[in-house]
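Engineer: Whole structure, please, built from the sequences with the hints as guidance.
2 protein chains.
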Amino acid sequence: MTAQRIHNFNAGPAALPLPVLEKIQASFLNFNDSGMSITEISHRSSHFDAVINDAVERARQLLKLDDTWHVLFIQGGASLQFAMIPMNFLGQGQTADYINTGTWSTKAIKEAQIQKKTIQVTASSEDKNFSYIPEAIPCTPGARYVHITTNNTIKGTRFAQFPETGGIPLVADMSSDIFSRPLPMEKFGLIYAGAQKNLGPSGTCMVSIKKDFLETAEDDLPSMLKYSTYAAKNSMYNTPPCFGIYTIGLVLKWIQEQFGTLEKMAAFNEQKAAILYDVIDGSGFYRGTARKDSRSLMNVTFRLPTEELEKKFVADALKKGMGGLKGHRSVGGCRASIYNAATMESVMALKEFMTSFEKENG
Amino acid sequence: MTAQRIHNFNAGPAALPLPVLEKIQASFLNFNDSGMSITEISHRSSHFDAVINDAVERARQLLKLDDTWHVLFIQGGASLQFAMIPMNFLGQGQTADYINTGTWSTKAIKEAQIQKKTIQVTASSEDKNFSYIPEAIPCTPGARYVHITTNNTIKGTRFAQFPETGGIPLVADMSSDIFSRPLPMEKFGLIYAGAQKNLGPSGTCMVSIKKDFLETAEDDLPSMLKYSTYAAKNSMYNTPPCFGIYTIGLVLKWIQEQFGTLEKMAAFNEQKAAILYDVIDGSGFYRGTARKDSRSLMNVTFRLPTEELEKKFVADALKKGMGGLKGHRSVGGCRASIYNAATMESVMALKEFMTSFEKENG
Numbered sequence: 001m002t003a004q005r006i007h008n009f010n011a012g013p014a015a016l017p018l019p020v021l022e023k024i025q026a027s028f029l030n031f032n033d034s035g036m037s038i039t040e041i042s043h044r045s046s047h048f049d050a051v052i053n054d055a056v057e058r059a060r061q062l063l064k065l066d067d068t069w070h071v072l073f074i075q076g077g078a079s080l081q082f083a084m085i086p087m088n089f090l091g092q093g094q095t096a097d098y099i100n101t102g103t104w105s106t107k108a109i110k111e112a113q114i115q116k117k118t119i120q121v122t123a124s125s126e127d128k129n130f131s132y133i134p135e136a137i138p139c140t141p142g143a144r145y146v147h148i149t150t151n152n153t154i155k156g157t158r159f160a161q162f163p164e165t166g167g168i169p170l171v172a173d174m175s176s177d178i179f180s181r182p183l184p185m186e187k188f189g190l191i192y193a194g195a196q197k198n199l200g201p202s203g204t205c206m207v208s209i210k211k212d213f214l215e216t217a218e219d220d221l222p223s224m225l226k227y228s229t230y231a232a233k234n235s236m237y238n239t240p241p242c243f244g245i246y247t248i249g250l251v252l253k254w255i256q257e258q259f260g261t262l263e264k265m266a267a268f269n270e271q272k273a274a275i276l277y278d279v280i281d282g283s284g285f286y287r288g289t290a291r292k293d294s295r296s297l298m299n300v301t302f303r304l305p306t307e308e309l310e311k312k313f314v315a316d317a318l319k320k321g322m323g324g325l326k327g328h329r330s331v332g333g334c335r336a337s338i339y340n341a342a343t344m345e346s347v348m349a350l351k352e353f354m355t356s357f358e359k360e361n362g
Numbered sequence: 001m002t003a004q005r006i007h008n009f010n011a012g013p014a015a016l017p018l019p020v021l022e023k024i025q026a027s028f029l030n031f032n033d034s035g036m037s038i039t040e041i042s043h044r045s046s047h048f049d050a051v052i053n054d055a056v057e058r059a060r061q062l063l064k065l066d067d068t069w070h071v072l073f074i075q076g077g078a079s080l081q082f083a084m085i086p087m088n089f090l091g092q093g094q095t096a097d098y099i100n101t102g103t104w105s106t107k108a109i110k111e112a113q114i115q116k117k118t119i120q121v122t123a124s125s126e127d128k129n130f131s132y133i134p135e136a137i138p139c140t141p142g143a144r145y146v147h148i149t150t151n152n153t154i155k156g157t158r159f160a161q162f163p164e165t166g167g168i169p170l171v172a173d174m175s176s177d178i179f180s181r182p183l184p185m186e187k188f189g190l191i192y193a194g195a196q197k198n199l200g201p202s203g204t205c206m207v208s209i210k211k212d213f214l215e216t217a218e219d220d221l222p223s224m225l226k227y228s229t230y231a232a233k234n235s236m237y238n239t240p241p242c243f244g245i246y247t248i249g250l251v252l253k254w255i256q257e258q259f260g261t262l263e264k265m266a267a268f269n270e271q272k273a274a275i276l277y278d279v280i281d282g283s284g285f286y287r288g289t290a291r292k293d294s295r296s297l298m299n300v301t302f303r304l305p306t307e308e309l310e311k312k313f314v315a316d317a318l319k320k321g322m323g324g325l326k327g328h329r330s331v332g333g334c335r336a337s338i339y340n341a342a343t344m345e346s347v348m349a350l351k352e353f354m355t356s357f358e359k360e361n362g
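So the sequence lines, in the order shown, correspond to chains A and B.
To convert, note that position 128 of the first sequence is 128 in the numbering used here; the numbers rise steadily by one, no gaps.
To convert, note that position 36 of the second sequence is 36 in the numbering used here; the numbers rise steadily by one, no gaps.
Hints listed in this document are in silico derivations from the structure and should not be mistaken for laboratory results.
Just to be clear, a hint being listed does not mean it is correct.
Any copy will do: because identical chains look the same in the list, a pair fits if it lies in one copy or spans two.
[Unchecked claim] Under the rule of at most 20 Å between Cα atoms (straight-line distance), these lysine to any residue pairs were calculated in the SDA-like manner: (1) LYS110 / ALA232; (2) LYS319 / PHE357; (3) LYS23 / GLN4; (4) LYS110 / LYS233; (5) LYS116 / THR229; (6) LYS110 / GLN120; (7) LYS110 / MET236; (8) LYS23 / ARG5; (9) LYS311 / MET344; (10) LYS23 / GLU257; (11) LYS210 / GLN256; (12) LYS116 / GLU218; (13) LYS311 / SER46; (14) LYS320 / SER45; (15) LYS117 / PHE353; (16) LYS253 / ALA50; (17) LYS359 / TYR277; (18) LYS312 / VAL279; (19) LYS110 / SER228; (20) LYS107 / THR229; (21) LYS319 / ASN30; (22) LYS292 / ALA274; (23) LYS311 / SER45; (24) LYS116 / GLN92; (25) LYS64 / VAL279; (26) LYS116 / ASP219.
Structural biologist: What follows is the structure, encoded as structure tokens:
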């Protein structure tokens with residue numbers, strides 16, 4: 001940790017790799033010898049072409065996407081994707097399945113329903129406050145897609161394996177675990193992720209779509225709400241969120257340079273999460289909120305014996321330079337978000353703090 | 001000009017005030033003693049509340065907006081506004097007028113038509129390649145709004161005065177001249193501006209809506225496509241484009257500290273534009289493309305005797321540290337974009353270059 005920097009356990013916007021921030025800072029007045037800030041260069045320039053093409057290429061390399069896939073950058077966050085997906089893929093008489101594993105899945109379902117699209121919620125873990133990932137997931141014959149949220153930031157769960165759908169493409173909100181592990185891309189038709197957890201600053205959503213899936217999309221839609229508009233123009237039908245795309249490219253470069261592959265990134269994430277879950281499981285003081293087989297590697301959610309102790313935990317941690325440990329306002333408790341950029345140093349600092357806090361207050 | 005920085009005449013993304021860039025750079029690893037970058041702080045934190053409230057308040061002060069107005073930040077650029085405006089304000093049986101003054105107006109019209117909304121193009125300057133602003137502008141009785149583009153970046157024209165509409169609210173795309181001059185806000189129902197010309201980095205669109213106008217909007221729309229969603233949550237229904245909003249706040253602060261009011265900002269802009277138009281008008285070499293009474297103060301568009309000379313002009317200027325002078329790819333020629341952040345030093349450098357280039361090549 002650099003002097004003055006805290007250990008940042010925010011759920012999103014979240015910690016970014018320090019080398020990436022330092023690189024942005026160093027070149028902020030003069031990007032790539034252009035004599036301009038990255039925030040001042042034209043998106044129609046060769047400077048920016050190189051930026052966006054680099055980000056796309058690195059995403060392709062890490063996810064092993066061949067040219068049957070588009071890699072797009074769209075504004076509006078995952079929340080706009082909740083609306084665009086049914087808008088683009090559910091025409092008259094078509095239907096899709098949704099699996100409800102928490103707050104964000106519920107919102108995705110709502111945005112399809114607002115548009116009066118025909119969808120089925122084929123599985124849900126609402127019966128136990130979304131503390132687990134459902135196993136038995138039936139599919140509706142002829143469904144256009146099955147929508148899932150791969151990692152549930154608020155409830156601290158994730159799909160460790162992805163559902164068998166009998167060939168129906170998965171459409172997945174990966175906002176909180178994109179690039180944290182390798183993916184069986186052959187199962188997916190579309191994946192999307194708001195940048196602000198694992199990728200970059202808020203304001204950019206990365207979307208990858210299989211080309212043959214895109215070809216089945218509705219066409220009679222406003223330009224900015226059609227995936228085909230972005231696919232046809234390398235995400236530059238209008239001015240894209242340049243600073244966000246630039247940062248995402250740097251973050252992907254950092255993953256490649258530091259870890260090489262998503263297999264190695266995943267191993268590091270498993271190691272970090274295990275350290276915190278071991279503290280929780282070895283204690284009678286902390287209590288994990290997610291079922292063990294459904295635990296997220298990105299968002300470690302836990303409770304303390306009382307709400308007073310939870311408040312004290314969050315406040316004392318902040319005094320020791322650890323921020324963002326309060327649980328989501330909708331569920332309470334504590335949460336340590338440890339995305340790709342969370343360092344081992346941060347995780348070890350939290351482990352030590354948890355141990356000493358338990359000793360002093362347990 | 002700081003060493004290594006160029007005089008940036010880009011049309012957008014465009015020059016930002018150097019003191020703003022320096023401030024962002026200096027605090028990029030530790031925003032406001034948070035121990036985090038502005039790109040890493042939670043939008044639900046008191047840190048970010050202060051950022052967004054400051055930006056909103058400064059926009060209100062400069063535009064003299066009382067609490068009958070919302071000030072919102074929305075992603076997707078002006079292009080998404082082209083779709084959202086008819087979506088929100090044209091219900092069954094309702095109609096609106098559009099004035100067509102160039103590329104962006106044409107796109108706004110197209111996005112209403114894609115949605116099969118009933119609109120009329122009541123005035124257009126297409127007959128003369130959009131080189132002027134139409135004077136006689138009839139209004140359709142009962143129209144919900146009259147849409148205009150206040151400044152036409154590509155054609156180099158602007159509405160010097162705003163149309164009389166007999167009380168029908170103007171809805172205005174101000175992407176390229178927002179905060180460049182005072183506005184008679186009583187004429188408007190909604191104004192919007194993509195940030196990347198006069199406000200900040202690309203990826204954020206500022207939208208101000210009169211509350212009573214918003215109350216007439218359609219409700220049965222996807223959450224992210226309804227203005228009321230943003231109005232109800234201070235633009236934070238989902239994670240907003242935090243870095244963009246932060247930068248916009250700094251730019252507005254810079255206007256207030258450097259100029260005080262939009263009247264003074266406008267005077268500076270008039271002074272800068274006059275310097276370049278005087279070179280053009282005093283020359284038999286350069287030829288302005290916009291009718292004099294319709295000339296933009298933000299985008300000075302001009303031709304040289306031949307396309308070869310235009311290419312040489314742009315290339316020679318770049319060698320002398322002046323960038324972004326190529327006209328829009330759809331019209332050719334040359335264009336100097338001199339938004340609020342363009343310095344007098346940059347304008348004087350361009351004036352001198354234009355004069356010497358004419359001497360050498362005229």
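Engineer: Look at each hint and say if it fits the structure.
Structural biologist: Tested hints:
When the C-alpha separation of LYS110 and ALA232 is checked against a cutoff of 20 Å, the pair qualifies only between copies, where the shortest distance is 18 Å, while the shortest distance within a copy is 29 Å. With identical chains, the CA atoms of LYS319 and PHE357 are at most 20 Å apart within one copy only, with a shortest distance of 13 Å there and 62 Å across copies. Taking the shortest Cα distances, LYS23 and GLN4 sit within 20 Å of each other both inside one copy (18 Å) and across copies (17 Å). With identical chains, the CA atoms of LYS110 and LYS233 are at most 20 Å apart between copies only, with a shortest distance of 18 Å across copies and 30 Å within one.
Taking the closest pair of Cα atoms, LYS116 and THR229 come within 20 Å of each other only across two copies (19 Å); inside a single copy the shortest separation is 24 Å, beyond that limit. Taking the closest pair of Cα atoms, LYS110 and GLN120 come within 20 Å of each other only inside a single copy of the chain (12 Å); across copies the shortest separation is 34 Å, beyond that limit. In the homo-oligomer, the alpha carbons of LYS110 and MET236 lie at most 20 Å apart only across protomers (18 Å), although the nearest pairing inside one protomer, at 29 Å, exceeds that limit. Taking CA atoms no more than 20 Å apart as the test, LYS23 paired with ARG5 passes in both settings, with 16 Å inside one copy and 18 Å between copies.
In this homomeric assembly, LYS311 and MET344 never come within 20 Å of each other (Cα to Cα): the closest approach is 25 Å inside a single copy and 54 Å across copies. For the identical chains of this complex, LYS23 and GLU257 are intra-copy neighbours only, at 14 Å inside a copy versus 30 Å across copies, given an alpha-carbon limit of 20 Å. Taking the shortest Cα distances, LYS210 and GLN256 never come within 20 Å of each other, neither inside one copy (23 Å) nor across copies (48 Å). Both within a single protomer and between protomers do LYS116 and GLU218 lie at most 20 Å apart by alpha-carbon distance, with minima of 15 Å and 16 Å respectively.
Only between protomers do LYS311 and SER46 lie at most 20 Å apart by alpha-carbon distance; the minimum there is 17 Å, versus 51 Å within a single protomer. Taking the shortest alpha-carbon separations for LYS320 and SER45, only the inter-copy value of 18 Å comes in at or below 20 Å, while the best intra-copy value is 45 Å. Taking the shortest alpha-carbon separations for LYS117 and PHE353, neither the intra-copy value of 49 Å nor the inter-copy value of 60 Å comes in at or below 20 Å. Proximity of LYS253 and ALA50 under a CA criterion of 20 Å is satisfied intra-copy only: 14 Å inside one chain copy versus 33 Å between copies.
In this assembly of identical chains, LYS359 and TYR277 lie within 20 Å of each other by CA distance solely inside one copy; the values are 17 Å within and 75 Å between copies. Only within a single protomer do LYS312 and VAL279 lie at most 20 Å apart by alpha-carbon distance; the minimum there is 18 Å, versus 68 Å between protomers. Taking CA atoms no more than 20 Å apart as the test, LYS110 paired with SER228 passes between copies only; the shortest distance there is 17 Å, against 24 Å inside one copy. Taking the shortest Cα distances, LYS107 and THR229 sit within 20 Å of each other only across copies (14 Å), while inside one copy they are farther apart (25 Å).
In this assembly of identical chains, LYS319 and ASN30 lie within 20 Å of each other by CA distance solely across copies; the values are 16 Å between and 37 Å within a copy. In this assembly of identical chains, LYS292 and ALA274 lie within 20 Å of each other by CA distance solely inside one copy; the values are 11 Å within and 70 Å between copies. For the homomeric pair LYS311 and SER45, the shortest alpha-carbon distance between copies (16 Å) is at most 20 Å, but the shortest distance inside one copy (50 Å) is not. In the homo-oligomer, the alpha carbons of LYS116 and GLN92 lie at most 20 Å apart both inside one protomer (10 Å) and across protomers (17 Å), since each shortest distance falls under that limit.
Taking CA atoms no more than 20 Å apart as the test, LYS64 paired with VAL279 passes in neither setting, with 35 Å inside one copy and 55 Å between copies. Taking the shortest Cα distances, LYS116 and ASP219 sit within 20 Å of each other both inside one copy (18 Å) and across copies (14 Å).
When each numbered hint is compared with the structure, violations occur for hints 9, 11, 15, 25.
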